[in-house]
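J.: One letter stands for each residue in the lines below.
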Amino acid sequence: MGNVSLVIMNKRDNVATAVMDLESGLKAGTGDGREINVKESIPFGHKLALQDIFSGQVVIKYGEPIGIATKDIKTGQHVHVHNVEGNRGRGDKKGDN
Amino acid sequence: MYITWKATEAGETRKGTINMQELLGFWRPDGRVGIRNHLLIISSVVCANRATELIAAAVPGAVGVTHQHGCALIGADKDMVYRTLEGTATNPNVGAVLVVGLGCEGIPAEDLAQGIAKSGKMVDYVSIQKAGGTMGAVHAGVKIATQMAEELGKMRREPFGWEHLIFGTECGGSDTTSGIAANPVTGGVSDRIVKLGGTVILSETPEIIGAEHLVARRAINPELGEKILDLIKRVENRYLSLGVDFRGGNPSPGNIAGGLTTLEEKSLGAIHKAGTSPIQEILEYAQCPTKKGLVIMDTPGHDVESLTGMMAGGSQVAVFTTGQGTPTGHPIAPIIKITGNPKTWNSMGGDFDIDASTIILGQERMADVEERLFQYLVEVINGRLVKAEIMGHREFGISRISMSL
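Chains as they are written, first to last, in the working numbering: chain V, 28 to 124; chain E, 24 to 428.
This is chain E alone, in the form it adopts within the complex (with noise of 0.2 Å):
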């Protein structure tokens, strides 16, 4: 027997009551807004992984966040490990934060949470040595992840204005539909936010090897314009140094196939997603825009790592473009998955939320498509679930710059 049931359009029965142009958050004691209000369990070093999940698990509606980080870190590598792990706990699309911890680990369970309590909102933690062992931390941990839902539950939505904005974007399994449709549509609504009074991240450095000289020429001063193209050299650099062609690493196999043939290539498609704005600063990775607008976030071409950093950097939402077909969320923020590829639509485009295709198949013009993803932004923006959230993609991964001791 079926039961049959019509999905209907969102937001379709309130159509006239409600102004979809504005925005609805969660403001936080630090004055940022958040799109999301999660419960965040997050274990300050590998070692407490197992406890995050459990604690996670057995409170309805956390999120649990782990990773293989947090001990035999040194110098530079362990400030960004702990500006990730910091920053996806204070981004605003976080309301309350629980820290796992082992005890003796190189980033202390207490230390990260006192940095977290800088922003004001909600935080704890429990240290597995301390609570006696596993189940005595998930004990703890339950108990305080219960009444920290609790008081998630009172916060209400609030308007909010688009300079609170932090819009990220990414792109990856890219082919060449990426640059012709997909990117460019993106770059359309880059431009409209930071018209709007928002920022913009342009995130992965490798992908903008090749088209540089196109993006210093839009920094707002030579000054930065020259830190754009010493920040691409020393990346190169330090991928040269390995000795090998990029290429089967960075255009990846998938991007051959899809029809990519250099790095060049694919760097002058990618560079479409941020769209034509004026670049204010580049930000390390993980670390928050100072500036409105435009800006550059020196994050890898890993999809993942790079998601995280921007999130991290306190971005509330992201578009991911893709040509080959890429199912990636993020713990804390929705990412809007948009292709241009007619192919990857029709076979699975229950991962994507924007169906970009029509440009290459002549069927809508490139503005059509533009204001359809804007639309969605909003509604996503007030709490509608992107396809990652629903299908509960939590992909979350920390880029290092040396090797752990």
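Excised from the complex, chain V in its bound form (with noise of 0.2 Å):
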């Protein structure tokens, strides 16, 4: 508790990256003196949302979109294919929009 496990890339940013594992109900802190509960165990090098996210809202790292949320998403939940889709260099979407 209170060790930084959680690596934000910019302040902007609704995502954080575990950089141990980290189990469904610890606290994990990030640089900035935040403290998350984790709902969900996270690997390491994955990502947990810093707020909620609701379906169909910008999921931000780095400061800029990496993607949408498919689902609604809890603070301290897992984020990653699941419920995240990229934007870019979607085939399978063409002609859709």
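Honestly, the hints are just simulated from the structure, not real lab data. Since the model is a prediction, treat every value here as computed from it, not as a measurement. Honestly, I wouldn't trust all of these hints.
Some chain E residues judged to face chain V by a derived CB distance under 10 Å, without partners named [to be verified]:
(1) M178
(2) T199
(3) T284
(4) K289
(5) K366
Built from N, CA and C at the ideal position, the CB exists for glycine as well.
Grab the two chains, each in its own frame, and use the hints to assemble them into the complex.
T.: Below is the structure:
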């Protein structure tokens, strides 16, 4: 508890990267002094939501959009391919927009 | 019985007598400078691969380069393959070249040798059909190659400046640690090289998708900025025509296992490796830079094809950042491997040159790792072998834009 185990790349980000394996129920510290209640186990290198992100909302890392949430994501939950889709390189969606 | 042997830090015994900042390399007749002095045996066509391998195996120190192309090619696709072969041979890390061909191929060995000869370096060729088959070509080839090896042994390293260095940047087997540690560290070194007057290549066009607005903003003029945006659009559209999500191809399954969720996320981390300098120009695959400073080369995200393109464009050395771990090297250039992932460093550190995982573990500052990488680069330029060279990694792969006929 209190250890910095989350890296935030930019202050605009709504996700942080785990720099150790995090178990559900832990409190994970960020470099800027925040503590996030971890809601799901987050493997090393994976992302966790710093705030509630609603389905359709933009996921931000490096201060830039990295994709769109496809489900509602609660603070402390795992953010990855099961709940985020990219907007780029989507040959499967060609012509949809 | 065990024989104990203690490795000493490189240069330790000579500290104080050698200026490690001085760069020493092999000056070539075309004014370029190599940091290695390779004897290259290269096939002009896939049919000559076996003869190429046999010649290279018979001459200690020779490097054999084979590939699956050289025939049944047309148009821009043929040009790109030719440019890659000629560029690899004219790379200043190569001191002498023997081209091995078949005799009826689309890229004749003689033509390729004549193209290489314009650089002024030692070059010759053998053709299997004229030399009496594989064994005849091997016999003739070994004779030529041994003479070349003797000449190469007479060459000496001499001082040269950073303005002669073309530094390639590459990332592969990326994960989220790449964008946090290994890429920013490499970016810091890239910026230093540009400030010293050298050239840095940002490659892997698909891994700029999603970050192109940040890259285009750094172009030296608005026209080049537009060209960067056009390039990304063109490359994205080329793959979009396949009608599938890039995910699975890029980011790859390993990237995803390592925490990278989308192509945009991967790209935003990847662009860090080339630093923050203004962008001077866009190069075609395997094209030599015409400007100093940071340039973009249009290569695929495929690591081996990307490295092959940069080295064919005259790059003498590259830094390759990895998260999940990859051992890739190159036949004629040292590829310095760096990882920011502590698990990867612990499990396969023997494949890597620089441990940047100390950043994530909070043991070392980014600036200190950058300094370590820079000093290591200077040693490698001056002849220190990187892990990929020691282990004999010589991966070579030519990118294609069309199908074989």
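J.: Which earlier hints can't be squared with this structure?
T.: 1
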